[in-house]
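Q: Each chain is listed here by its residues.
2 protein chains.
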Amino acid sequence: MLRVPYEELLSVLSRILLNVGFARDRAALCARLFADASRDGVSSHGLNRFPQFLRMIKSGVIDIQAGPKPVATFGSLERWDGCSGPGNLSAHHCMARAIELSRQHGIGCIALANTNHWMRGGNYGWQAADAGVIGICWTNTLPNLPPWGASDPRVGNNPLIIAVPRKSGHVVLDMAVSQFSYGALASYRLRGEQLPVDSGFDSSGRLTRDPAAIETSKRPLPIGYWKGSGLALLLDLVASLLSGGQATHQIPAEPDRETRLSQIFIALDPSCLDPSCLVQANTSEDLADQIIRHFQSPPPSRGGERVRYPGERVLQTRVENMAKGVPVEPSIWTEIQTLNP
Amino acid sequence: MLRVPYEELLSVLSRILLNVGFARDRAALCARLFADASRDGVSSHGLNRFPQFLRMIKSGVIDIQAGPKPVATFGSLERWDGCSGPGNLSAHHCMARAIELSRQHGIGCIALANTNHWMRGGNYGWQAADAGVIGICWTNTLPNLPPWGASDPRVGNNPLIIAVPRKSGHVVLDMAVSQFSYGALASYRLRGEQLPVDSGFDSSGRLTRDPAAIETSKRPLPIGYWKGSGLALLLDLVASLLSGGQATHQIPAEPDRETRLSQIFIALDPSCLDPSCLVQANTSEDLADQIIRHFQSPPPSRGGERVRYPGERVLQTRVENMAKGVPVEPSIWTEIQTLNP
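Chains as they are written, first to last, in the working numbering: chain E, 5 to 345; chain P, 5 to 345.
Hints are computed from structural coordinates only; laboratory data are not their basis.
From the three backbone atoms N, C-alpha and C, an ideal C-beta is built for every residue, glycine too.
Fair warning: there could be bad hints in the mix.
[Stated by the list, open to error] Have a look at the derived ranges for each label pair, beta carbon to beta carbon:
#	chain 1	residue 1	chain 2	residue 2	range
1	P	K328	E	E104	52 to 60 Å
2	P	V201	E	A27	32 to 40 Å
3	P	V201	E	D290	52 to 60 Å
4	P	E309	E	R7	49 to 57 Å
5	P	S172	E	D156	18 to 26 Å
6	E	L194	P	D67	19 to 27 Å
7	P	R195	E	P304	33 to 41 Å
8	E	E104	P	P259	41 to 49 Å
9	E	K171	P	E258	45 to 53 Å
10	E	A257	P	E309	21 to 29 Å
11	E	V201	P	S63	46 to 54 Å
12	E	V323	P	S63	49 to 57 Å
13	P	P259	E	T220	32 to 40 Å
14	P	S207	E	T220	30 to 38 Å
[What the hints assert, rightly or not] Away from chain P, derived, C-beta distances all over 12 Å, residues of chain E:
#	residue
15	G25
16	H109
17	Q198
18	G228
19	I295
20	M326
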C-alpha cells in the first residue's frame, strides 16, 4: 500500500477535476470529499471510486455543471432537485442547508431527488457534527439486497448515518443495512479471510462466512435479517416519497448507471433549546462523555480490545494518515496519475 | 388462549384505570393503547404488561395525575418533560404535538424526558400514519444489551419506529435493536422452540439459537452485531441530549423500576410539499404502492410464504382479532379480572 500526503492527494484530484471542467471551488470541495474519505480509512468510498466517478462524468450520467435547486419549501422541510449533478457536492450542499434550517427552526430537513452517489455518507455526518449539530441522513441505492425471505435483490443496502457532536470526538454511525458491502466482501476475499460472522447465503441457500460465495450468490444478509430488510424498505419509502424522486426499484441495477437517487438530510440544533431547561441535571457536554465512558466500561468479551464507539477508529486513522500519508491502492493511484494533467 | 371481544377488553381496562384514579378521558385512551397492542398481535407490550403497569402506579414510579409539559420550544423542535406520568399517554400526546408541528412547519420534533415505558412503540407510528404523516420515533431503555465486543449490558435495545402512511395499508417498522426481546425469547422457550437464527451468546460465549441459554447469559445479540450496538448508542445519545433527560446508563436496571426514559418523536408531512413540484412523475400514493409491489415480487426463497412488508401482518391480525376476539393469556386475564371493580 502506497502512502500519499493528504495535500498532494487534494491537489492531484483538484487538478483532474478542473481539467474535466469543474469550476474552481467545486473542484476543490469535490476533491476534498474524496480525499477525506480515504484519509478517514474509507477508501472504498473515497479514492477507489474516483475512476468510476470520472467514467460516469464521461458517459453523461453525472452533469458536472449542475447543482441542486430547491423545488418546494415549507418551513423546516424542503424538497430539492439534484439535477444529476455530482452526488457528493449536492449532498454536502443539502446537509449545509439542513444545518442552516436547524439554526432557524431547531430542526431542518432536506429531501433531495435526482442526485448521484454521495460516495462516503459519513462525510455529511461529520459535517453536521463539526457544525455542532446532530445530523441524520440516508440515501437509497440501486437494488442490491434480497429482502428477508427472498433471494432476488429488491431493496438497497441504503446507508444510514447518525452523528452527534462531542468536543472529545464526534460519535458518527455510518452503516449500510447489509452486514457487509460488496466492497468489504471483496477486501476479505483478496486477503484470503473468512468473514467474522455469517453474512449471507451461498448459492444453495446456506448461511456462510465465505465472502466469495456471497459475491457469487448476490445474497448478502440484511442486518438483523427481517429487521434490516424492513429498515431498508422504510428508508427508501421516506426518501423517495418526501423528495418526490425515484425509489430503489426505479434505479438502474448496474453500478456505472446508478443514478437519480433520493436522499434525506436532517439536522437538529440542541443549542436552540435553553440549557436552563434541562429536565435532569445533565449538561449536554458532560452527558455525551458519560454515555461514551459507560459504553466503553465493560471488560472486553474476548481478546484485549476495548469496545469502540462509532467514529472512534475514524479519528485514530485520520491522525495516523495525516502524519504518515493517506494509504492508496497502487493500481488506483497509477490510474489516477495518468489522468493528472 | 382465551379470546375476548375488543370492546369488552376496552371497558374492563378502562374501569380498572378509573378505579385506580385516572381521569375519564385518560383512562379511555390508556385502555385503548393497551388494548390496541394486544389486538394487533403485540400482547407482550399490551395486556401482558398491564399488571406491571399497575404495580408501578402502586409503587409510585408512575404518577397517574401527571402529564407532559413543554419546557423549551424553538420553532419546530420542542423539549417536553414527561413528569413521570403514564408513558403511553405521554408518548401519544407528544406524537400528536409532533404531527401538529409538521402541519405548520413541514417537520416537527418533540424530545421527551422523564417519561415512563411507552409500552408498544408501534402505536405511535400507526398514530402518525393514520394522521397521514410520516412518523419516526424511538425511546431509550434500561441497559439490557451488551455492546458488541463485551458481555455486560451497557446499551438498551432501544426500539426504533418508522411509519409511512398508505391508503392500502400503512407501512410501519417497529423494531428493537436486539435480535429478539426478552419477551420473545420467553415465548420461544415456552413453546419449546429454537430461535430461527443465532440470536445471542450462551454463558460460555458461543453463538446460540437456544432462547433459554440467552435468557441465562443475558447476552442477546444486537442486530447486525457491531452495527446494532452502534445504533443503540446513537439513539440513546440523541434522545437524552435533545430531551435534556436521562441516558440508558442512568436508568435503573430492574424492569419494575425502569423510569425517567428519554424519547424522540418526529413527524413529517409530505402533503406540505406542492405535489406539482415532484421531481419525477411519481405521485406519493402510487409510488408507495409500487415500492411495496416490487418488494413483494420476488419468489420466496423457501417454503411458500411471500415476503411481507412491515405492518402487513399487523393489519391481518387486527382484522382477525376484531372478528374473533383479542387473544389473551388466561393467567393474565384472570389476574386482570380480579382487579376489575
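Q: Give me the numbers of the hints this structure contradicts, sorted from smallest to largest.
A: Numbers 2, 3, 6, 9, 11, 13, 16, 18, 19, in rising order.
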